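There are 2 protein chains.
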Amino acid sequence: MAKIKEVSGSICAPAGFKAAGMHCGIKKEKKDLALIVSEAPASAAAVYTTNVVKAAPITVTMEHLADGKARGIIANSGNANACVVGGQEAAEKMCELAAAQLGLLAEDFAVASTGVIGQSLDIGPIASSIGELAGMLSHSAQSAAEAIMTTDTFDKQAACEIEIGAKTVRIGGIAKGSGMIHPNMATMLAFITTDANIGPELLSEILSQDAQDSFNMLSVDGDTSTNDMCAVLANGMAGNDPIQKGSAEEEAFRQGLGFVTKKLARLIAEDGEGATKLLTVKVTGAESKEQARAIAKSIVSSSLVKTAMFGNDANWGRILCAAGYAGVSFPVDRTKISISSEHGSVVVAQNGMQVLFDEAEALKALQAKEVIVDFSLGSGQESAEAWGCDLSYDYVKINGSYRT
Amino acid sequence: MAKIKEVSGSICAPAGFKAAGMHCGIKKEKKDLALIVSEAPASAAAVYTTNVVKAAPITVTMEHLADGKARGIIANSGNANACVVGGQEAAEKMCELAAAQLGLLAEDFAVASTGVIGQSLDIGPIASSIGELAGMLSHSAQSAAEAIMTTDTFDKQAACEIEIGAKTVRIGGIAKGSGMIHPNMATMLAFITTDANIGPELLSEILSQDAQDSFNMLSVDGDTSTNDMCAVLANGMAGNDPIQKGSAEEEAFRQGLGFVTKKLARLIAEDGEGATKLLTVKVTGAESKEQARAIAKSIVSSSLVKTAMFGNDANWGRILCAAGYAGVSFPVDRTKISISSEHGSVVVAQNGMQVLFDEAEALKALQAKEVIVDFSLGSGQESAEAWGCDLSYDYVKINGSYRT
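Chains as they are written, first to last, in our numbering: chain B, 1 to 404; chain L, 1 to 404.
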């Protein structure tokens with residue numbers, strides 16, 4: 001394992017990155033426009049929603065990052081710029097406005113939008129505020145982290161420091177989540193910066209693989225949105241020799257990136273719409289990584305498991321049942337399920353059947369801000385972890401009248 | 001189209017079937033034991049849960065129906081007889097008890113259980129009541145339909161009459177649903193009877209195909225249980241010549257069966273846990289049946305669509321979005337979405353984008369006991385229909401403390 005040191009500053013922790021966020025007028029009062037810029041040209045890579053219906057900023061960013069290079073990211077919240085006439089033009093215009101302020105090319109900007117689907121994005125407020133926003137660029141990530149939030153109740157930031165070839169490399173990220181978060185990206189935005197020196201191809205490969213174990217293991221409500229994106233910019237300012245594929249340096253970079261993305265994923269799960277607790281599902285003893293991931297995702301996504309968590313009910317039958325419809329087979333008679341938290345740990349089922357357990361102890365374990373379900377398959381050495389949250393009255397309340 | 005006439009009497013509408021239901025003591029007060037018997041030997045077929053975790057009654061029924069013959073069905077509610085030591089023995093014992101009362105073979109009984117997972121099924125109350133239950137067998141299906149209910153708020157029955165080779169053939173069914181209902185069978189039980197003369201192989205083939213368009217197009221909460229089963233008995237007492245594969249008679253039988261199973265599926269959706277309305281999704285203009293089914297299921301299963309329905313919100317963006325992650329591709333720019341009910345019909349999106357619509361009219365259409373979402377793909381001639389319900393506060397309430 002590489003030595004990973006957590007640091008503050010998120011996207012502005014790596015050398016050469018500035019950020020800013022402000023209220024431009026898409027939302028009524030809250031911050032709704034964010035800008036992230038690298039002082040030096042950067043390798044760029046991104047992973048996108050798998051939804052057939054892709055918002056305009058997704059297709060524009062795909063084009064802009066096709067050459068593996070970028071200088072910045074412009075993002076708004078309050079409007080998803082999805083499923084509207086003129087969406088493409090608006091997304092391009094956002095890049096042009098940002099680039100013009102900084103003497104850069106529009107093609108070197110990624111663009112992201114999050115918010116309501118199907119309402120035209122008025123470019124006016126963005127055009128009239130972009131000068132002010134560019135003037136606010138600083139080494140603080142706070143306002144940008146806030147400006148990408150929608151129904152999020154807190155901003156999500158993470159950063160770490162690793163050693164690569166005797167150089168100190170930093171990786172930082174901000175994210176927004178809340179509604180519609182599900183494996184394979186949802187209305188989730190994550191922007192990662194690093195001062196590592198790494199080529200775009202390897203960066204893209206590492207990001208895609210990392211997402212399988214971070215953002216794609218995240219589920220709030222099973223819906224996958226039209227606007228999701230995780231983009232990473234690597235500007236090389238740490239001064240390390242270019243990271244080579246298959247090297248120890250690559251492995252260190254993977255671990256650093258994983259530290260940041262997994263932390264952001266957990267923060268998103270914790271802040272799921274209406275969530276009262278973070279649910280972590282750890283599958284161990286699997287025959288393959290795919291089997292472990294499928295079962296972990298299935299359990300963490302089950303509405304019945306989620307409501308049981310909300311009700312502090314150690315309903316292991318629902319957990320086993322959700323594993324059973326994950327689409328992968330496993331020997332039920334070797335399984336073991338335990339529920340744990342900072343308040344204790346209780347084995348609730350073994351060999352596919354109930355074991356006698358103390359209901360009071362189980363209740364105590366369940367009454368915590370983070371509950372961990374350990375699901376052991378007893379078949380192999382592979383494991384996976386997924387994050388979600390409970391399903392509460394407030395989820396229904398928030399989503400019963402979001403648009404109106 | 002065959003001429004289908006709806007009749008009353010459900011499973012006792014076809015000639016030669018008797019049924020009974022009673023309270024034996026598995027539940028505190030409500031009916032919990034049901035028996036269905038055919039006077040004559042019957043062809044038998046069933047479809048089962050796809051969950052890797054299968055309850056004991058499922059495996060026992062699979063064995064008993066392997067020869068394509070059966071005489072009856074014994075079922076209990078209140079306990080799922082799943083994931084417990086001795087489950088297999090208890091399920092076998094239920095068949096033996098029923099068979100002994102009627103001078104039949106245990107191997108000629110299907111057995112089903114529904115209720116809590118992971119608690120041992122006490123055979124005592126069943127053993128001491130089976131004599132009384134056998135004595136209650138009559139041509140009324142009512143008590144049996146009630147005895148298989150769990151959190152269902154009403155019993156579910158359907159029957160119809162068709163002409164096959166100048167003979168009147170009847171098909172009837174009862175079902176229970178409520179929680180954990182999802183495509184590919186969930187804690188859903190459906191028992192179908194018919195006096196048609198049809199061999200077990202063709203019966204099995206027709207049932208499997210029918211389930212694709214009836215019970216498997218049903219979603220209440222995305223969970224697929226360990227105990228689901230739809231079993232059909234055909235005793236031939238209508239006196240028709242055996243139905244031949246590929247004949248007009250087969251087609252008439254398919255349509256009659258579909259009438260019964262689709263009606264039961266809709267009743268289950270309407271009675272989803274906490275549901276305030278039935279949601280019907282009709283996908284048309286698809287290139288293939290599979291594409292149509294996948295999109296219909298994805299929309300009807302979306303938590304965000306379901307909460308929007310609960311909130312009477314014409315949130316077409318969520319509908320389009322759910323179609324987009326159905327796992328099949330389609331040209332977004334040819335889609336058209338409308339929302340309708342007995343109170344009117346409103347086109348809410350076209351060509352993948354919002355159309356101007358009257359919010360008051362949309363609200364009016366949404367405020368109904370059944371809301372229909374029409375999703376047109378504009379690409380081909382295939383269609384599919386799926387049924388579900390809205391996601392309400394009560395769903396969370398019911399499922400937050402089911403076990404405790």
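In short, the hints are calculated from the structure, not lab data.
Heads up, a few of these hints could be off.
Since the list can't tell identical chains apart, any single copy or any two copies may satisfy a pair.
[To be verified] Below, in silico cross-link-like pairs of lysine-lysine (DSS-like), each with a Cα-Cα straight-line distance of 25 Å or less:
no.	residue 1	residue 2
1	Lys54	Lys336
2	Lys28	Lys289
3	Lys364	Lys3
4	Lys282	Lys27
5	Lys30	Lys93
Remember, predicted model here, so these are calculated numbers, not experimental data.
Check: Looking back at the numbered hints, which does the structure fail to meet, lowest number first?
Finding: Hints 2, 3 and 4 are the ones this structure does not satisfy, whereas the remaining hints hold.
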